[in-house]
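With the hints as extra help, turn the sequences into a complete structure.
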Amino acid sequence: MGRLSPEKGPEIFVRAALMLKARMPEAHAVLVGEGPMHGELQSLVHRFGLAGQVHLAGVCHDMPALYGELDVLVCCSHTEAMPLALMEAMACGLPAVATRVGGVPDIVEQGATGWLVAPCDFDAIGYCCARLLADPDLRRSTGARARQRAVQRLGLGASAAGVSALLERLGRPAAPHQLSGADTRSGKAPRPSRTGTS
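Just so you know, we're using my numbering here: the sequence shown kicks off at 755 and counts up by one.
Please keep in mind that the hints were generated in silico from the structure rather than gathered at the bench. Note that CB positions come from ideal geometry on N, CA and C, so glycine has one too. Keep in mind that a hint or two might mislead.
Here are the in silico distance ranges between beta carbons for each label pair [to be verified]: (1) V905 <-> D877: 31 to 39 Å; (2) S797 <-> E761: 14 to 22 Å; (3) L838 <-> A898: 35 to 43 Å; (4) V813 <-> P779: 27 to 35 Å.
Below you can see the structure in the form of structure tokens.
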């Protein structure tokens, strides 16, 4: 789900699908999105003999319906902040197999809501997917915990409570402090510098 560009690791997804095919020949993988790697990925799919298993679906405008058709969400990114597709999929009850990068470990709880793997480890991704696909009970229980975590920790209520707590902390009066470098003879503080950050 997302842009087919190098930082998202779509070639890792295709290689993981090759590993998955060796374990579960009947499994299918869907790569959703558009981007500069589309042609390269099509070539890779054909070179690996995966045209019947890996489907490049393009852009999807009805994500909840798509999530309802999937068994596992895979995130192969080399770098991520807080991937929206991962949070959406978990909220829809999908277990995840994701790379341990950026904010992903804050979303996916190892072994409870999904599995975290090292970046570029397509064999581990394929193995984890095969494990989930082969065990419907494990897939359902992991997906149920993923949904519960998404609702409790990532949902609007949790976000609103976090923002409210932050605003409350910011609204408290600051503790008095003494300015360093104040001109004690005139009682004036030095002018602040203009080196702000954003």
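Hints, verified against the model:
1. V905 <-> D877: 31 to 39 Å: Since the Cβ atoms of V905 and D877 sit about 32 Å apart, the hinted range of 31 to 39 Å holds.
2. S797 <-> E761: 14 to 22 Å: Holds - the Cβ-Cβ distance for S797 and E761, about 20 Å, lies within 14 to 22 Å.
3. L838 <-> A898: 35 to 43 Å: violated, 21 Å
4. V813 <-> P779: 27 to 35 Å: holds, 29 Å
Violation of the numbered hints given earlier is confined to hint 3; every other hint is satisfied by the structure.
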